[in-house]
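Chain by chain, the residues run as shown.
2 protein chains.
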Amino acid sequence: MEINVQQCCEILKEMDDIVILSHRNPDGDTLGSAFALHYILDQLGKRSRVECHDGFPKQYSYLLLDYKPEDFEPKAVVAVDIADEQLFGENLEKYRGKVDLCIDHHGSNKHYAKNWLVRDTAAACCEIIEDICYGFEEAEITKIIADCIYTGVSTDTGCFRYSNTTGHTHAVAGRMFKAGCDFVMINRAMFEVKSFSRIAIEREVLNSLELYFENRCALVCITKEMLERTGAEEAELEGVAAMPREVEGVLVGITLRQRDNGYKISLRSGDEVDASVLCGKLGGGGHRCAAGCFIEGDFETAKKTILKIVGEALEAEE
Amino acid sequence: MEINVQQCCEILKEMDDIVILSHRNPDGDTLGSAFALHYILDQLGKRSRVECHDGFPKQYSYLLLDYKPEDFEPKAVVAVDIADEQLFGENLEKYRGKVDLCIDHHGSNKHYAKNWLVRDTAAACCEIIEDICYGFEEAEITKIIADCIYTGVSTDTGCFRYSNTTGHTHAVAGRMFKAGCDFVMINRAMFEVKSFSRIAIEREVLNSLELYFENRCALVCITKEMLERTGAEEAELEGVAAMPREVEGVLVGITLRQRDNGYKISLRSGDEVDASVLCGKLGGGGHRCAAGCFIEGDFETAKKTILKIVGEALEAEE
Numbered sequence: 368m369e370i371n372v373q374q375c376c377e378i379l380k381e382m383d384d385i386v387i388l389s390h391r392n393p394d395g396d397t398l399g400s401a402f403a404l405h406y407i408l409d410q411l412g413k414r415s416r417v418e419c420h421d422g423f424p425k426q427y428s429y430l431l432l433d434y435k436p437e438d439f440e441p442k443a444v445v446a447v448d449i450a451d452e453q454l455f456g457e458n459l460e461k462y463r464g465k466v467d468l469c470i471d472h473h474g475s476n477k478h479y480a481k482n483w484l485v486r487d488t489a490a491a492c493c494e495i496i497e498d499i500c501y502g503f504e505e506a507e508i509t510k511i512i513a514d515c516i517y518t519g520v521s522t523d524t525g526c527f528r529y530s531n532t533t534g535h536t537h538a539v540a541g542r543m544f545k546a547g548c549d550f551v552m553i554n555r556a557m558f559e560v561k562s563f564s565r566i567a568i569e570r571e572v573l574n575s576l577e578l579y580f581e582n583r584c585a586l587v588c589i590t591k592e593m594l595e596r597t598g599a600e601e602a603e604l605e606g607v608a609a610m611p612r613e614v615e616g617v618l619v620g621i622t623l624r625q626r627d628n629g630y631k632i633s634l635r636s637g638d639e640v641d642a643s644v645l646c647g648k649l650g651g652g653g654h655r656c657a658a659g660c661f662i663e664g665d666f667e668t669a670k671k672t673i674l675k676i677v678g679e680a681l682e683a684e685e
Numbered sequence: 368m369e370i371n372v373q374q375c376c377e378i379l380k381e382m383d384d385i386v387i388l389s390h391r392n393p394d395g396d397t398l399g400s401a402f403a404l405h406y407i408l409d410q411l412g413k414r415s416r417v418e419c420h421d422g423f424p425k426q427y428s429y430l431l432l433d434y435k436p437e438d439f440e441p442k443a444v445v446a447v448d449i450a451d452e453q454l455f456g457e458n459l460e461k462y463r464g465k466v467d468l469c470i471d472h473h474g475s476n477k478h479y480a481k482n483w484l485v486r487d488t489a490a491a492c493c494e495i496i497e498d499i500c501y502g503f504e505e506a507e508i509t510k511i512i513a514d515c516i517y518t519g520v521s522t523d524t525g526c527f528r529y530s531n532t533t534g535h536t537h538a539v540a541g542r543m544f545k546a547g548c549d550f551v552m553i554n555r556a557m558f559e560v561k562s563f564s565r566i567a568i569e570r571e572v573l574n575s576l577e578l579y580f581e582n583r584c585a586l587v588c589i590t591k592e593m594l595e596r597t598g599a600e601e602a603e604l605e606g607v608a609a610m611p612r613e614v615e616g617v618l619v620g621i622t623l624r625q626r627d628n629g630y631k632i633s634l635r636s637g638d639e640v641d642a643s644v645l646c647g648k649l650g651g652g653g654h655r656c657a658a659g660c661f662i663e664g665d666f667e668t669a670k671k672t673i674l675k676i677v678g679e680a681l682e683a684e685e
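Which chain is which? The protein sequence lines are E and G, in order.
Heads up, the first sequence is in our numbering, so the first residue is 368 and it goes up one at a time.
Heads up, the second sequence is in our numbering, so the first residue is 368 and it goes up one at a time.
Any given hint could turn out to be false.
One copy or two, either will do: identical chains are not told apart, so a pair holds if it fits within one copy or between any two.
[What the hints assert, rightly or not] Here are the simulated lysine to aspartate or glutamate pairs, DMTMM-like style, with alpha carbons at most 25 Å apart:
#  : residue 1 : residue 2
1  : Lys545    : Glu581
2  : Lys561    : Glu603
3  : Lys510    : Glu639
4  : Lys631    : Asp641
5  : Lys648    : Glu559
6  : Lys561    : Glu615
7  : Lys561    : Asp438
8  : Lys425    : Glu613
9  : Lys465    : Glu685
10 : Lys591    : Glu437
11 : Lys561    : Glu684
12 : Lys561    : Glu504
13 : Lys670    : Glu684
14 : Lys561    : Glu605
15 : Lys561    : Glu613
16 : Lys545    : Glu592
17 : Lys545    : Asp638
18 : Lys461    : Glu505
19 : Lys648    : Asp383
FYI, nobody ran anything at the bench for these hints, they're computed from the structure.
Take these sequences, add in the hints, and give me the full structure.
What follows is the structure, given as structure tokens:
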């Protein structure tokens, strides 16, 4: 059943011994939402713990500062920022079909829970968690909750840069400032700190940069050899696909990622070109500004194939 | 005389044919403030134009979309975001000692104007300009003014990341959203787009990266040869000094910039080490987290000198 914030609070009030689920490959919003909810429930005198298929990556350790997970047999299951049970991951498979409450901001939410509170105008699930906190007389936005909620809104909006950011997002951030959130530390941890191997792979990616079509298209590649040389891991490649479009004047950025039998293509574009349409021509898909596809064969084949399609689109755009 | 917002509005009401001054090496806040004020004055039916020693760099061209500079003999001079007349630059020297009104957010403001409105709690001068706009019944925050003000607050806070950001800053940003500011375009232009030569110099800087003191110190250099090879200009080096401290675990980042007879040192630090104290030992200075000094001699001499001082500080910090 679809519910509103008030109903959500009433349902939470009836629960105890609650498992809160975050999605696999967790990000700042799913973990921020989960721990904020945990700290809210703690103020209500309820036991809860957060579970995630991949555990809690160390860059998020500041979210756990006041966290004392308790061992109990769950009587209730709440999922936060999870659009689809597919995103639970194997370790949480046991909760499939057993979610009592889902709080989410994805319009694509599959409504797999008994009750769902889905607000797709929210830039981050944490924006909804804030409202839930205000729904309890016994709860308030403590410093640690402010850190959790700020982490969610900041990471899901790329530090207020992505188009999903709203005036409401800024209002939420302003309120978290009042509650003393440590935004300097959080943004440094989320956006500035890079591992040495990440820096090494960025350097390699920049070295591979090529410009095409009067510098309106930039292409980079990530080969297996580069990963071996730098020691960079999969998780350290996040955001690398955005790099080619950072070059001045570039309308389409292409990243070729070497796989066993070909190349995975990531396309990034602005308003001028629809990346999902171009990737669709090669059997892929995605969003208007960020899409992907796969091309079998060697590097030259993959490059030639994707450049042909991008070149045609840029010609049509003129 | 020190004035408040209301007095500032009254003074502006009495003015006409106004020159608005921005500081040399202009940034988003001085230009955002100047053009926002111009568009406000325009709504009041007053002639004004913006002047800057260095003109208006092309990445800020969207601030000028509704700008039609008029040729007139100035009857009044207003300086925005300029703490000191030294920052006028040669082309604006004629206005020294002739500024009627100064609007600024630097606590170090030299009070060189007849009247000054200085609020050092404001993260950006544009925050004060917003209040000035509300002080006029005839003026409102139009879309272009929202773009100007958002540019100021976003750039002066590093997109809401620097410690000068406040809850008020977020509130200002939220109001600019309501007025339709194009924050996606602005943040892309300000923070994401890089010239090809900037990317080339970043690559060179990353290639020069060295780690010291159990990876708690990172050192990079920018040589004349690098600049020649990449074609990067002075203005394209902004923010490069922040790069070494982006490495995970690094407490002090050092950038050595080659000059004719030695090396200019930029030091960046977190809470653990006071960069201004370390640079002070070498005759330089600055802020706690960002300071600078100059060391005469060749690269090895400069490196050895600064590393000795940083090493001692890191040892004391343990």
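To see whether the hints hold, each was checked on the structure:
Taking the shortest Cα distances, Lys545 and Glu581 never come within 25 Å of each other, neither inside one copy (49 Å) nor across copies (37 Å). In this homomeric assembly, Lys561 and Glu603 come within 25 Å of each other (Cα to Cα) both inside a single copy, at 9 Å, and across copies, at 22 Å. In this assembly of identical chains, the alpha carbons of Lys510 and Glu639 lie at most 25 Å apart only when taken from different copies (22 Å versus 43 Å within one copy). In this assembly of identical chains, Lys631 and Asp641 lie within 25 Å of each other by CA distance solely inside one copy; the values are 18 Å within and 46 Å between copies.
Taking the shortest Cα distances, Lys648 and Glu559 never come within 25 Å of each other, neither inside one copy (36 Å) nor across copies (28 Å). For a Cα distance limit of 25 Å, the shortest separation of Lys561 from Glu615 qualifies both inside one copy, at 23 Å, and across copies, at 5 Å. Taking CA atoms no more than 25 Å apart as the test, Lys561 paired with Asp438 passes in neither setting, with 34 Å inside one copy and 50 Å between copies. Taking CA atoms no more than 25 Å apart as the test, Lys425 paired with Glu613 passes between copies only; the shortest distance there is 17 Å, against 28 Å inside one copy.
In this assembly of identical chains, Lys465 and Glu685 lie within 25 Å of each other by CA distance neither inside one copy nor across copies; the values are 53 Å within and 50 Å between. When the C-alpha separation of Lys591 and Glu437 is checked against a cutoff of 25 Å, the pair qualifies neither within a copy, at 42 Å, nor between copies, at 59 Å. Proximity of Lys561 to Glu684 under the C-alpha cut-off of 25 Å is restricted to the inter-copy arrangement: shortest distance 23 Å between copies versus 37 Å within a copy. Taking CA atoms no more than 25 Å apart as the test, Lys561 paired with Glu504 passes in neither setting, with 41 Å inside one copy and 49 Å between copies.
Proximity of Lys670 to Glu684 under the C-alpha cut-off of 25 Å is restricted to the intra-copy arrangement: shortest distance 21 Å within a copy versus 51 Å between copies. When the C-alpha separation of Lys561 and Glu605 is checked against a cutoff of 25 Å, the pair qualifies both within a copy, at 11 Å, and between copies, at 19 Å. For the homomeric pair Lys561 and Glu613, the shortest alpha-carbon distances inside one copy (18 Å) and between copies (6 Å) are both at most 25 Å. Taking the shortest alpha-carbon separations for Lys545 and Glu592, neither the intra-copy value of 48 Å nor the inter-copy value of 48 Å comes in at or below 25 Å.
In this homomeric assembly, Lys545 and Asp638 come within 25 Å of each other (Cα to Cα) only across copies, at 22 Å, whereas the closest approach inside a single copy is 36 Å. When the C-alpha separation of Lys461 and Glu505 is checked against a cutoff of 25 Å, the pair qualifies neither within a copy, at 32 Å, nor between copies, at 63 Å. Taking identical chains as interchangeable, the C-alpha atoms of Lys648 and Asp383 are never at most 25 Å apart, the minima being 50 Å within one chain and 60 Å between chains.
When the structure is compared with the earlier hints, violations turn up for hints 1, 5, 7, 9, 10, 12, 16, 18 and 19 and for no others.
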